[in-house]
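Q: Residues per chain, in single letters:
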Amino acid sequence: MKICVLIKQVPDAGSVLRIRDDESWVEEDKLVFTANESDSYALEEALLLKEAHGGEVIACTLGPERSRQVLKDALSKGADRAIFLHDESFNNLDCNGLAKVFAKVLEKEHCDLILCGLQADDTGEAAVGPMLAQELHLPHVTMVVQTELLDGGLKVKQELEGGWFRQVETSLPALLTIQSGINKPRYASLRGIMAMKKKELRELSATDLGVPATELAPMQTLQRIYVPVKTKETVYLEGAPEEVVAQLVDKLANEAKVL
Amino acid sequence: MDTILRGLDYGMISSLLSEEEILVQHTARDFVEAEVLPVITQHHRDETFPEELVPRLGELGYLGSVYPEEYGGAGLGAVAYGLLNQELERGDSALRSFVSVQTSLVMYPIWAFGSDEQKRRWLPALASGKAIGCFGLTEPDAGSDPGAMRTRASRTTDGWVLSGAKMWITNGTIAHLAIVWARDDQGEVQGFIVERGFNGFSAPKMVGKLSLRASITSELLLDEVPVPEANRLPGAHGLAAPLKCLTQARYSVAWGVIGAAMACYETALRYAGERIQFGKPIAAFQLSQRKLVWMVTEITKAQLLAVQLGRLKEQNRLRYQLVALAKRNNVWMARECARLARELLGANGIIDEYPVMRHLMNLESVYTYEGTHEMHTLIVGEDLTGLSAFN
Chain A
10 MKICVLIKQV PDAGSVLRIR DDESWVEEDK LVFTANESDS YALEEALLLK EAHGGEVIAC
70 TLGPERSRQV LKDALSKGAD RAIFLHDESF NNLDCNGLAK VFAKVLEKEH CDLILCGLQA
130 DDTGEAAVGP MLAQELHLPH VTMVVQTELL DGGLKVKQEL EGGWFRQVET SLPALLTIQS
190 GINKPRYASL RGIMAMKKKE LRELSATDLG VPATELAPMQ TLQRIYVPVK TKETVYLEGA
250 PEEVVAQLVD KLANEAKVL
Chain B
8 MDTILRGLDY GMISSLLSEE EILVQHTARD FVEAEVLPVI TQHHRDETFP EELVPRLGEL
68 GYLGSVYPEE YGGAGLGAVA YGLLNQELER GDSALRSFVS VQTSLVMYPI WAFGSDEQKR
128 RWLPALASGK AIGCFGLTEP DAGSDPGAMR TRASRTTDGW VLSGAKMWIT NGTIAHLAIV
188 WARDDQGEVQ GFIVERGFNG FSAPKMVGKL SLRASITSEL LLDEVPVPEA NRLPGAHGLA
248 APLKCLTQAR YSVAWGVIGA AMACYETALR YAGERIQFGK PIAAFQLSQR KLVWMVTEIT
308 KAQLLAVQLG RLKEQNRLRY QLVALAKRNN VWMARECARL ARELLGANGI IDEYPVMRHL
368 MNLESVYTYE GTHEMHTLIV GEDLTGLSAF N
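For the record, the sequence lines run as chains A and B.
The first sequence begins at 10 in this note's numbering and counts up by one.
The second sequence begins at 8 in this note's numbering and counts up by one.
Don't take every hint at face value.
Unchecked claim - Quick list of the computed label-pair ranges, beta carbon to beta carbon: (1) Gln232/A / Val300/B: 54 to 62 angstroms; (2) Arg29/A / Gly388/B: 51 to 59 angstroms; (3) Glu360/B / Ala262/A: 38 to 46 angstroms.
Hints in this document: simulated from the structure, not taken from any laboratory.
We put the CB at the ideal spot given by N, CA and C, even for glycine.
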């Protein structure tokens, strides 16, 4: 079974975020970067499937030079090889552009399964996975919390809203987006770290992929990022106790929507 | 290279390290944060060793990591091994002590002085954590002067009989095997693999320690214990053999304590930023800043010394006197950091909600074990002057 895992490097959850003066993004100089959380679960799921059924795990990322690190981490944990998509023209891709670039690589790899994290912890769009499936004309299932390989297909448990789940069967090849918590991601063993350097880490540019810049022109652009303005207002409810209770219940039900 | 060490790296030590070395630090830090820190305070309170972590240490390759893969190791370089020790001791000295003993004091003598059969039998089991070992050199009346040991190994027709007692033995009670050093009938020091269950061998736990409480410390009692010749380390002759083991262990101590110092510094820095007195964080007071600056200065110097030690070790150019110098300096540095951090935390410094007092208590042992601070002074002093102050 050939599995490709898409991994994004994002700021560590414990980072203190400071917005750039021009409000275009956050200051990256002092950030610690790490693999996106749900992508780590996706990698672990791929490694578990490989260990149970054999095959190959390819880790793939797109990003600036520093994001090469998530591939090295993946190789240390047991991925067999890695693909690093790195090009200046990739810097400002939107989800559509990302899906197109990943599709260019993956259409040549002929994977049985493509695993992505549910969503990126920084931009949180949860869109690249499904859009990539569309580009590759593959079935996809999002928010997967369990996988089981069937004869020629895959049975997965999908998380729905409100604590509901459903079982879905899909043919292969397919794309899944993996929910955090599906497994327990491993640490790289020392032997894994020492073996990492001997594994293939291939870097591909836009030219290597043959993606024309025109196809990658963003359809959406980030206008501005900002910290939401917090407002605080104190309201004194007045009147007889019954009236105050009635007002309070009304506010809890209709304004705070907690009842 | 963009990859940098996690946590304190004021001196940009990252620039001296390879990618693998930094990855080792990252992984070990993640492991300690997720699996050690949540449980260590309770073990410290209960005076119990976190045995549940031993299989995990084995899986991750943390036991005997420096040895070749054929013996269950990972072929790790000396600096990467040092960083591993630093991260483990950032959790607790007990954990680093366990790994140091297993790697340097049990696997090392088998690897360096053992027969092929002994290596095949024990090294993979010790690397996986399926077997736990301990090292019996110190005796009630032979500490800094191990040459005064009284434990005897008498030759019999088919082996040896060991008699004597060892003290202050890390892991003793939970160990499957003990590397025991004893004088033979000719007065030469020999090393033996004494297995749990051998007649006349017992390892009672020492209780009442106020330091290294999450580590098992034991006595080894040898009451005419028959040991087969196959369990003697054939390559170990004389006191130089166990002393070589101690040099290995001291190397890991010199690195490990940097982690304890870092834990104390990080706690103190955070606390000083949050604790408000006289309307401002205590970090804004000059006396607090002086303490923090002292800690970072000394930690940075200790890191540089440790990296240099590791590079020399990787080139087989490391002299034991320099290991003594580094163990002496770095443990002193960490002990002082723990005290300064305790002062910065005020009354909060003495409760185990913070790791500082636990590290401070641990470092009192580390200051003394693997060669006391004073003995290391005299080892370096002898090296400088050519005059021994103790022999």
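Q: It remains to establish, for every hint, whether it holds in the given structure.
A: Structure-based check of all given hints:
At about 44 angstroms, the CB distance of Gln232/A to Val300/B disagrees with the hint of 54 to 62 angstroms. Under the hint 51 to 59 angstroms, the C-beta atoms of Arg29/A and Gly388/B, about 57 angstroms apart, fit the expected range. Restraint check, Glu360/B to Ala262/A: a C-beta distance of roughly 41 angstroms satisfies the suggested window 38 to 46 angstroms.
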